[in-house]
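**Student:** Residue-level listing of the chains:
Number of protein chains: 2
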Amino acid sequence: MPTDDDITTVPDGTDIAGPKADALEALARLFGDRFSRAQAVRTHHANSITWHKPELPDAVIFPLSVDEVQQAVRICSAAALPIIAYGSGTSLEGQINASFGGVTFDLSRMNNIIAINAEDLDCEVEAGVTRLQLNSDLRDKGLFFPIDPGADTTIGGMAATRASGTNAVRYGTMRENVVSVTAVLANGTLIKTGNRARKSSAGYDLTRLLVGSEGTLAIITSVVVRLQGIPEKITAAVLPFETLDGACNTAIATIQLGLPIARIELIDEMQVKISNAYSRLSLAETPTLFVEFHGSEASVAEQVAQFREIAEEFGAQSFDMAEQPEDRSKLWQARHDTYWATSAWRPGSQVLTTDACVPISRLADCIAETRKDLDQHGLIGPIIGHIGDGNFHVTLLFDGDDAAEIAKVKAFVDRLSHRAVAMEGTCTGEHGIGQGKLVALLHELGPAVDVMRAIKRALDPKNIMNPGKIFHAVPAAAEGDHQ
Amino acid sequence: MPTDDDITTVPDGTDIAGPKADALEALARLFGDRFSRAQAVRTHHANSITWHKPELPDAVIFPLSVDEVQQAVRICSAAALPIIAYGSGTSLEGQINASFGGVTFDLSRMNNIIAINAEDLDCEVEAGVTRLQLNSDLRDKGLFFPIDPGADTTIGGMAATRASGTNAVRYGTMRENVVSVTAVLANGTLIKTGNRARKSSAGYDLTRLLVGSEGTLAIITSVVVRLQGIPEKITAAVLPFETLDGACNTAIATIQLGLPIARIELIDEMQVKISNAYSRLSLAETPTLFVEFHGSEASVAEQVAQFREIAEEFGAQSFDMAEQPEDRSKLWQARHDTYWATSAWRPGSQVLTTDACVPISRLADCIAETRKDLDQHGLIGPIIGHIGDGNFHVTLLFDGDDAAEIAKVKAFVDRLSHRAVAMEGTCTGEHGIGQGKLVALLHELGPAVDVMRAIKRALDPKNIMNPGKIFHAVPAAAEGDHQ
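Those sequence lines, one after another, are chains A and B.
Going by the numbering used here, the letters in the first sequence line up with residues 1 to 483, in that order.
Going by the numbering used here, the letters in the second sequence line up with residues 1 to 483, in that order.
Same shape as in the complex, but just chain A (with noise of 0.2 Å):
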């Protein structure tokens, strides 16, 4: 009967001992050079774009085959190791520390493009395929895999965070993008969550159910993403707007009209003058909007023209149009760079990103009151959002060795989940709870994280699969509890 007290083992793992010492030697046995205790390695599986404090595992192993990993985690389970999935560690809520210690399952080998079905437009990959390696093998096909969070994640890393970014406005987010997934229970159980159909109603739907399970269930081996043909043209572009205000309500009624807009990202103020610096672009310092159209020639010079007129009607001072790919990617790159660009505003400082989604009619006011909320209690925050979904970003520099600063940056978080909640959104979009915002769920969902939490203790009786995240450690399960 395993306890809290059972999965917390010392994060120097010096004294380690009896089913857990003996469970790490046969991991070694079996993975040979892709077993490590090495302390850099494990420092590096825990080090991750994110405040929370590293917590290093046990030991990390780097499986080649789904057969690795079924056999891995019935070692793990048998001696009730803690198992962390890991990706490329790009999670912004402790996603991949190792809380109670244990096995770090590094996934990066297995970067397989199993296959790619261009008449369906689908295809499976193994999990740590990249979204930049798969676009890269696409790209001939006259095909691209819209889902791009900026950084070059993996795709099991996306599945399992249920991942989005600048294109879901159009595309949608991992939900919608993943059609079934390869995954290993903490039994070592291999399921398949489906096969290739569109659609199906073929029992519980355990593809939606793992992607965004934040490795808590199992570890995702494989995914079936969906995947677009590349657009015969696209045009992208740069506004300037005189407010916040003018910036949001274009995002607003652009939404409203149904305009099938590709890409409709806010850069704040204060976030242009951090990237103008970083980036070196001159953007006029003011709200600001990269926008981006997808379809024919014609469709796209129709969203143009629409689009325009409503941006001019919110105040856009100008529209300069990025026709050529090098131009648009210069501007997305300086949209992807805006965490680096930030972190290097106040070099040394602590940074915090983070996320919050309402519904698109509350998006202003939501923006507004937030921006009012940084500048009241003094704390540094552009912010940049994929309004186009009603979500978006502040991102918090601050002294990571100053208590009260941690308080107060930790205070604003709070209010900021609050208020998206009291807007009837989420207190994330995009980013997952991990172990950032458990209490934050809590207050959003109430009753309904009490049957997570039962399907956690379903499929994974003992807690081993990333234990802490998503959930405060879960109370052990009795013996006998499930089967």
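To be clear, the hints were calculated from the coordinates, so they are not data collected in a lab.
Among the hints, erroneous ones may be present.
Note: identical chains are not told apart, hence a pair may lie in one copy or across any two.
To be verified - List of simulated lysine to aspartate or glutamate pairs, EDC-like, C-alpha gap at most 16 Å:
hint : residue 1 : residue 2
1    : 233       : 313
2    : 141       : 119
3    : 372       : 269
4    : 192       : 450
For chain A, the structure is supplied; the task is to place chain B on it using the hints.
**Tutor:** Same frame as chain A, now just chain B:
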């Protein structure tokens, strides 16, 4: 400790005693004339357009509020009385049958539209609101709810069966169009699976878990669904083809090209003949596509031009436009009446509508093999399909009193399921598992079905929520097995 025997009641309900009788009495007191044990009422609620034999509940209640649903669930739970949620009774795989007796919760009187948030393109409705009722309310706001399974189903029932229909090729299924649900669990707890944000990473996707769970995990009491703006321009058309293959390949090429067609329905030669007779049409008796395009004037013109080119390449013999609303209505009414047309074709016959869904590249093969299979076995079965999704139906006509013919039909349905799965598809694209595809589900998803069972046991340890659906009767849980 409940056992399967405990939840097997005698259909005529006369010899119920003990806690179950007490529970029925308590419900009678609570619901007054909205409680019925009348034979006619019970029979009505076990009658569906399905080949499964009606199995009557012990009683039917008509709740008016969430609170009443919760109270009734608590009463049923205490006595381990099965609970069957009922919307409009149009499910096709026996989902509403009371296999072990119990109480049918007819939710049709919970039919309030709670809120229409036009500016967010969503609305919240009670489970008993029907799609025609909702669309009638939405019309003057310039909005519509796109999911169209044919019958005037309730939104709650559509969510519970993960319904889709003719518009899914463009707008998605209930999986993509339900934003969140409110539901009552087996123990009477009310949960809300989310708010109204377009996307969320807040914990497990309970929305998608309940969508398609066929009443086996909870009773859905209200649903937030996405809405669409009524397109500026709608054009429908009818295209007769020389061959079935030509019609299928037109759909395949349309999807592969990424053309955002709103509807693309196959009506095979036999179905055209049947529908001509029933719906007083004069279509050429050859494989035919009914299609529809939504968008701006310019976009529809572009789509039509591209589509005609594809269709002509694959042998379309003509392209008859239906631009006027009344012409389009006539067309889609005929499509939606195919079930009734086929029923009337051989009066007195039993009708079984089955479905399968395959990756689009396999569609032509799957339909051709299925047609050959039908002909080889002397079965009457017109084929229709939402073929843009790779989804098609065979409407089998047979003598329900002839055991040999029933066996032949069942064997055909099994072969069809296996054929679809062998082509990386699914045994059901939109009708669900119900009572009819329990074995097919096991064949399709194997060990993943054990995961579904584990979830079922965790959320409904007494197995009172629509028992006998999706899974074979689940062995009862041990006392104290779940919290």
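**Student:** Can you tell me if residue 372 and residue 269 fall within 16 Å by alpha carbon in one copy, between copies, both or neither?
**Tutor:** Only inside one copy: residue 372 and residue 269 sit 14 Å apart there, 66 Å across copies, limit 16 Å.
**Student:** Checking an output row: residue 233 and residue 313, CA cutoff 16 Å. Within, between, both or neither?
**Tutor:** Close neither inside one copy (26 Å) nor across copies (25 Å); limit 16 Å.
**Student:** How would you classify residue 141 and residue 119 at a CA-CA limit of 16 Å: within, between, both, or neither?
**Tutor:** within (10 Å within a copy, 39 Å between copies)
**Student:** Should residue 192 paired with residue 450 be assigned to within, between, both, or neither, using CA atoms and 16 Å as the limit?
**Tutor:** Between copies only: 12 Å across, 26 Å inside.
Against the hints set out earlier in the document, a violation occurs for number 1 only.
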